Amino acid sequence: MDTSWILAHLDELGLRTIQHLGLAFLAVGSGFVLSMGLSVLAVRVRPALAPIIALSGILYTIPSLALFAALVPVTGLSILTAEVPLVLYTLLIFVRNIVAGLDGVPGDVLEAADAMGYSRRTRLLSVELPLALPLIVAGLRLASVSTIGLVTISGILGDRFGGLGFFIFEGYRHAFPTEILAGAVPSAVLALSVDRLLVGAGARLTPWSVGSVAR
Amino acid sequence: MAGSRGALVAFDHASKRYPGLDLGRTGAVEDLSLEVPAGRICVLVGPSGCGKTTSLKMVNRLIEPTSGRILVDGVDVATREVTELRRSIGYVIQQVGLFPHQTVRANVATVPTLLGWSADRIGGRVDELLRLVGLDPAVHADRYPAALSGGERQRVGVARALAADPPLMLMDEPFGAVDPIVRERLQNEFLRLQEVLAKTILFVTHDIDEAIKMGDLVAVLDIGGRLAQFGTPDEILANPASDFVARFVGADRGLKRLALARVGDLEPAPALTAHPGDDASAARDRTLADPFPYLLLLEADGRPIGWLSATQVPASGILEEAMATAMSPLLDVRTTLKDALSMLLAADVQAGLVVDEAGAFRGLVTAEMIAERLHPTTPARAAVD
Numbered sequence: 069m070d071t072s073w074i075l076a077h078l079d080e081l082g083l084r085t086i087q088h089l090g091l092a093f094l095a096v097g098s099g100f101v102l103s104m105g106l107s108v109l110a111v112r113v114r115p116a117l118a119p120i121i122a123l124s125g126i127l128y129t130i131p132s133l134a135l136f137a138a139l140v141p142v143t144g145l146s147i148l149t150a151e152v153p154l155v156l157y158t159l160l161i162f163v164r165n166i167v168a169g170l171d172g173v174p175g176d177v178l179e180a181a182d183a184m185g186y187s188r189r190t191r192l193l194s195v196e197l198p199l200a201l202p203l204i205v206a207g208l209r210l211a212s213v214s215t216i217g218l219v220t221i222s223g224i225l226g227d228r229f230g231g232l233g234f235f236i237f238e239g240y241r242h243a244f245p246t247e248i249l250a251g252a253v254p255s256a257v258l259a260l261s262v263d264r265l266l267v268g269a270g271a272r273l274t275p276w277s278v279g280s281v282a283r
Numbered sequence: 009m010a011g012s013r014g015a016l017v018a019f020d021h022a023s024k025r026y027p028g029l030d031l032g033r034t035g036a037v038e039d040l041s042l043e044v045p046a047g048r049i050c051v052l053v054g055p056s057g058c059g060k061t062t063s064l065k066m067v068n069r070l071i072e073p074t075s076g077r078i079l080v081d082g083v084d085v086a087t088r089e090v091t092e093l094r095r096s097i098g099y100v101i102q103q104v105g106l107f108p109h110q111t112v113r114a115n116v117a118t119v120p121t122l123l124g125w126s127a128d129r130i131g132g133r134v135d136e137l138l139r140l141v142g143l144d145p146a147v148h149a150d151r152y153p154a155a156l157s158g159g160e161r162q163r164v165g166v167a168r169a170l171a172a173d174p175p176l177m178l179m180d181e182p183f184g185a186v187d188p189i190v191r192e193r194l195q196n197e198f199l200r201l202q203e204v205l206a207k208t209i210l211f212v213t214h215d216i217d218e219a220i221k222m223g224d225l226v227a228v229l230d231i232g233g234r235l236a237q238f239g240t241p242d243e244i245l246a247n248p249a250s251d252f253v254a255r256f257v258g259a260d261r262g263l264k265r266l267a268l269a270r271v272g273d274l275e276p277a278p279a280l281t282a283h284p285g286d287d288a289s290a291a292r293d294r295t296l297a298d299p300f301p302y303l304l305l306l307e308a309d310g311r312p313i314g315w316l317s318a319t320q321v322p323a324s325g326i327l328e329e330a331m332a333t334a335m336s337p338l339l340d341v342r343t344t345l346k347d348a349l350s351m352l353l354a355a356d357v358q359a360g361l362v363v364d365e366a367g368a369f370r371g372l373v374t375a376e377m378i379a380e381r382l383h384p385t386t387p388a389r390a391a392v393d
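Top to bottom, those sequences are chains Y and B. Position 207 of the first sequence, counting from 1, maps to 275 under this note's numbering, and the rest follow consecutively. Position 350 of the second sequence, counting from 1, maps to 358 under this note's numbering, and the rest follow consecutively.
Hint data in this document are derived by calculation from the structure and do not stem from the laboratory. A quick note: this is a predicted structure, and the numbers were derived from the prediction, not measured. Glycine included, C-beta positions come from ideal geometry on N, C-alpha and C. It cannot be assumed that every hint is accurate.
As the list claims (entries may be wrong) - Per label pair, the in silico range of CB-to-CB distance:
id: 1; chain 1: Y; residue 1: Val257; chain 2: B; residue 2: Ala146; range: 43 to 49 Å
id: 2; chain 1: Y; residue 1: Ser277; chain 2: B; residue 2: Glu136; range: 25 to 31 Å
id: 3; chain 1: B; residue 1: Gly158; chain 2: Y; residue 2: Asp171; range: 24 to 30 Å
id: 4; chain 1: Y; residue 1: Asp227; chain 2: B; residue 2: Asp150; range: 50 to 56 Å
id: 5; chain 1: Y; residue 1: Met104; chain 2: B; residue 2: Ala259; range: 56 to 62 Å
id: 6; chain 1: B; residue 1: Ala354; chain 2: Y; residue 2: Ser277; range: 27 to 33 Å
id: 7; chain 1: B; residue 1: Ala185; chain 2: Y; residue 2: Ile86; range: 52 to 58 Å
id: 8; chain 1: Y; residue 1: Leu178; chain 2: B; residue 2: Glu197; range: 52 to 58 Å
id: 9; chain 1: B; residue 1: Pro27; chain 2: Y; residue 2: Leu89; range: 55 to 61 Å
id: 10; chain 1: Y; residue 1: Val257; chain 2: B; residue 2: Ala185; range: 27 to 33 Å
id: 11; chain 1: B; residue 1: Ala259; chain 2: Y; residue 2: Leu193; range: 32 to 38 Å
id: 12; chain 1: B; residue 1: Gly158; chain 2: Y; residue 2: Leu89; range: 21 to 27 Å
id: 13; chain 1: B; residue 1: Glu197; chain 2: Y; residue 2: Leu89; range: 39 to 45 Å
id: 14; chain 1: Y; residue 1: Ala168; chain 2: B; residue 2: Arg13; range: 42 to 48 Å
Only chain B is shown next, with the shape it has when bound in the complex:
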C-alpha cells in the first residue's frame, strides 16, 4: 500500500497544569521534552495519573498545553486549524468509540467523508482497510458495531484511524479492553502492519510488558507527569535511570531483556557433525579427541538427527541414522532468548541446536551463552537498530 510515511513528533518543554488539584490524580504533565523519529513506535508508559494520556491528547489538541509546544514535522500544532489537524492524525482509544448508529463501512469512512473524497474512492479505501486489518468487507462492512466482537470492534477502530492514511497515529491503550489472547493477536498483527505502514505512532499503556513489546522507544513517565526515562526497551531494562524506573519495569527485567533478543542474534558455538554413511572410525577418533565428546548426526540437507556420545560411535563400519540416541531442543533463529532459555532449562541437555528457516543446523547455544548476554560488560544490541 502506497502511503504517506511517518511524521516526526517533538514535545518541546510541554506542560499541562491543573491548578488547585491533587497532583497525582490529575494527569498533569511537567516539562516534557522528547523526540520521536518518523516511522517509529514510541510508547508512553507509567502508572495511572502520570500524564501519559494527557501527553497524547496534547498532540491532536483534545487538551491544550499550559506551556511549551508540540511539533509535528516541525510545525507547532497550536498554529494549525484544529479540525484539519485532527483529520491528519489517526486516533484509537481503548473504548474504540465507534459510532453505534453507523455501519462499519460508514465508521471507517468517517475522515475520508469529512475530507470530501468521492464515493468511489471511499468505497475502495474502506474495502482495502478492512482487509488490511483482517476483516472481510462482504461479511463485516454492513454490520453495526453492536454486532461485532470486542476484537473486531478494535480492528474497525484501527481501520478507521488509518482511513485517510495519516502519517501519525495516537493510540491510547488500544488493546486494553480485549481478553489477553485477543490482545496478543492484535498486538502481533499491528506490529506486522506497522512493518508495511511505517507510521509514527504514539502509544499509551500502563503495561510495561506491552510497552517493551510494542515500542521502538519507551518513555517512562512518573506521577506528576515527569519523564523518568526515555530510550529503547533494552536500554531501559538494562540500565534503569532511577529506583522508580527499576521498580516499574519489575524485578524480572533481566528476563524481559531476553524477550527482546532472538537466538539469531547470538554467535552460535560450533559442534562436531557427521552424516549417515560417513566412515565411523574417523568420526570416532575426532569425537574422542574433542573436549566435548559428542557427535551430532545431520541429514544430507543439514537437519539434525541426534547426538552420539564418543563411546556410542562404532570403531568400524559406517554411521547410521538409528545410532543417534539423544536429541536437544531445536531453536529457530527467530525464537526469543527468553523462550530459548526456558526450553533449555527444561531439557536434559542444556545445549540447543540453532536451526535456520529451512531447519538446517547452524550451531549450538547453551544456557550459559544466553546468561552471558545479560552481563553489563557486553551490552546487548538495541532492539530497534
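So that you can see chain Y by itself, here it is in the shape it has in the complex:
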C-alpha cells in the first residue's frame, strides 16, 4: 500500500468519484424512466408483460464486456456506448420490482379508488405508485448498487469513462496494487453509501408503513 501515491492523487480521486457517480446516476435514472413506462404498459396490457420480462432477462445475461465491444462499431467511444449497457442491465431489476409493486396494491383499494371516481391516470399517480413505493425503492437500491459496480468496467472505453474503474485498469496494467485498491475501495464505499441513503429516503417516503401517526 503506497500512501504517498494516494496522497499525490487525491484530486484525481475526487474527480473520478464525481464522474463515477454521474455515470451511475445517468444510467439508473434513464433505466428507471424507461422501466416505469414498460411496467405501466405491462400492468395495463397484461400480454405485454411476459415479452418485456423475457427481453430484459436476455439483455441481463449478455456479459458487459461483450456488450461494450458490440456497441463500439455502432456508437463509437461515446458516452452512449458507456451508458447503454448500464441502462439495459437495470431494466430487469426495475421492471420486476415496479410490476410486483403495482400488482401488490390490494384489490379492494383499487375498487374503492375506481368507485370514488378516480380517473386511471390519477389512480396510478395517487394510489398505485405510492403503494408500490416500498418495492420500487427496493428495486432502486439493487439497481444502484449493481450499476455503481458496473461503471468501473466502462473504463475499458478510455479515460473519459469508467469513473473509479480507471484506477483499476491503470493499476492492473502497471501491476500496481495500490492504484487497484484506490479504485475498488471507494467504488464499494460509494455503493454502500448510496444504498443506505435510499433506505433512509424510502422510510421517509412511506411513513404509513412504519409509524402510525403522520407528522
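Since chain Y is already given, all that's left is putting chain B on it; use the hints.
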C-alpha cells in the same frame, strides 16, 4: 346537517350475463326490475352467486349491464360521464378499501378533493363527518388506517362515502368484516344517522336478519340473479312468494316478524288500577266484580308499583304501597314484540305492563295478544309506513 336528499333509483330490465360460465357461481343478473323510492334503504339479499353485488356495481358502472338500464333520478347512468357519476354516489365495501398510504383525513377528503373543493371547505367537512360517525377528529384524523380498529376503519369508510353528500349510497356488506357486537352497534348507529340523512341506500348482505333490520324494502334474489320477491320486510316474512324465499327467510320467520313491531304498535288492554291512599273497600268491591280479579297499584305519577289479588285488598281502611305483592314485566313502548314475548314467557304472570317513555302505565299486553298479531287475518302494519 343540510344535505342533498335521496335519489330515486330504478332498475329497468337490467341483465348481466357471463357467457359460457356456470350460472350459479358468476353473479349473473337476470332481468332485474325494481324501484327504490328516494330516501329509503333497499336491501339486496340472497345466497352467494345470486348477483346482488353485481346489481349494486351496475349502478355506479363498476360493472356494465349486458342489457337493460339503471336510472338514477330518471337519468340512465350509462349516459353519464363515468368518473362524474361515481363521484356523486357513495360507496362502502366490506374490506373498506381505505388508502393505506393516506391519513384518515386524506381518505375522507378523497371525493371533495377530486371535485376541487377549497382546502378550508374540505377541512371543515372532514371534521364534521368524523364527528358524525362517532370519531374524534383530534384523535383519529391524522392516523393511518393501519392504526385503526376494524370498527373505526368501517366508520371512516362510511365517512368517506358521505363526504361529498351524495344522494345515493351503495353499501356492499359494509358491516360484514367486524365482530357481531361491533356490527350491531354500527348497524344501530347507521340507522340513526339515516334518520337524519335520508339518503337512498342500496345495501347488499347475505344475512336475512341484517336485511330485515336495515331494510325499508328487501329484494330477495335467487341463484342466477332472478328477483324472487320485493317488498317490505314484514310482507316478505308474512307472505313469502315462493318456497325459495320461505326457506331463505327461515322457519322462524314468525318470530322475525315480531322483531319488526314494537309494543307501542299494539292496543293495550285496560286494567283495574288504584293509588296508595285510595279507599280499600271500594277498590275491593271493584276487583271482586271483575272477571280478572287483580288490582294494579300505581304511583301518583302513574308508574306501576305492583299487583294485589282481590283477596289481598283489605275490606276497610286505605290502600298502602306495601300491600302489592306481585309484579309483571315492564314493557317499554319501544320494546320489540319479540323481546316482549320472550320476557312474558319467562315471567310468572304472562301479562306485561306497557309503560310510556316517562314510565307511566298505559295498559296490559299478554302473550296471546302478541301471538294474535301474527294471525294472517290481521295483517301487520308494514314497518316502513
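**Prompt:** Does the Cβ pair Ala259/B, Leu193/Y satisfy 32 to 38 Å?
**Reply:** With a Cβ separation near 54 Å, Ala259/B and Leu193/Y fall outside 32 to 38 Å, so the hint is violated.
**Asked** Has the hinted range 27 to 33 Å been met by the Cβ atoms of Val257/Y and Ala185/B?
**Response** Since Val257/Y and Ala185/B have Cβ atoms about 50 Å apart, the given range 27 to 33 Å is violated.
**Asked** Taking 55 to 61 Å as the hint, is the beta-carbon distance of Pro27/B and Leu89/Y inside that range?
**Response** 58 Å, holds
**Message:** Between the beta carbons of Ser277/Y and Glu136/B, is the distance compatible with 25 to 31 Å?
**Reply:** 30 Å, holds
**Request:** Look at the Cβ atoms of Leu178/Y and Glu197/B and judge whether their distance stays inside 52 to 58 Å.
**Result:** Distance hint for Leu178/Y, Glu197/B is violated at roughly 28 Å.
**Message:** Holds or violated: the 39 to 45 Å window for the beta-carbon distance between Glu197/B and Leu89/Y?
**Reply:** Hint violated: Cβ distance 58 Å, outside 39 to 45 Å.
**Asked** Given a hinted range of 50 to 56 Å, is it respected by the beta-carbon distance of Asp227/Y and Asp150/B?
**Response** Holds, since Asp227/Y and Asp150/B (Cβ atoms, about 55 Å apart) stay within the stated range.
**Item:** C-beta pair Met104/Y, Ala259/B: status relative to the range 56 to 62 Å that was hinted
**Value:** Cβ of Met104/Y to Cβ of Ala259/B: about 60 Å, so the range 56 to 62 Å holds.
**Prompt:** In this structure, is the beta-carbon distance linking Gly158/B and Asp171/Y contained in 24 to 30 Å?
**Reply:** For Asp171/Y against Gly158/B, whose Cβ atoms are near 26 Å apart, the range 24 to 30 Å holds.
**Request:** Can you let me know if the beta-carbon spacing of Val257/Y and Ala146/B is within 43 to 49 Å?
**Result:** Since Val257/Y and Ala146/B have Cβ atoms about 47 Å apart, the given range 43 to 49 Å holds.
**Prompt:** That 52 to 58 Å hint for Ala185/B and Ile86/Y (C-beta), does it hold up?
**Reply:** For Ile86/Y against Ala185/B, whose Cβ atoms are near 55 Å apart, the range 52 to 58 Å holds.
**Asked** Between Ala168/Y and Arg13/B, is the Cβ distance one that fits in 42 to 48 Å?
**Response** Roughly 46 Å apart at Cβ, these two residues keep to the hinted range, so it holds.
Taken one by one, the earlier hints fail for this structure at numbers 6, 8, 10, 11, 12 and 13, listed in ascending order.
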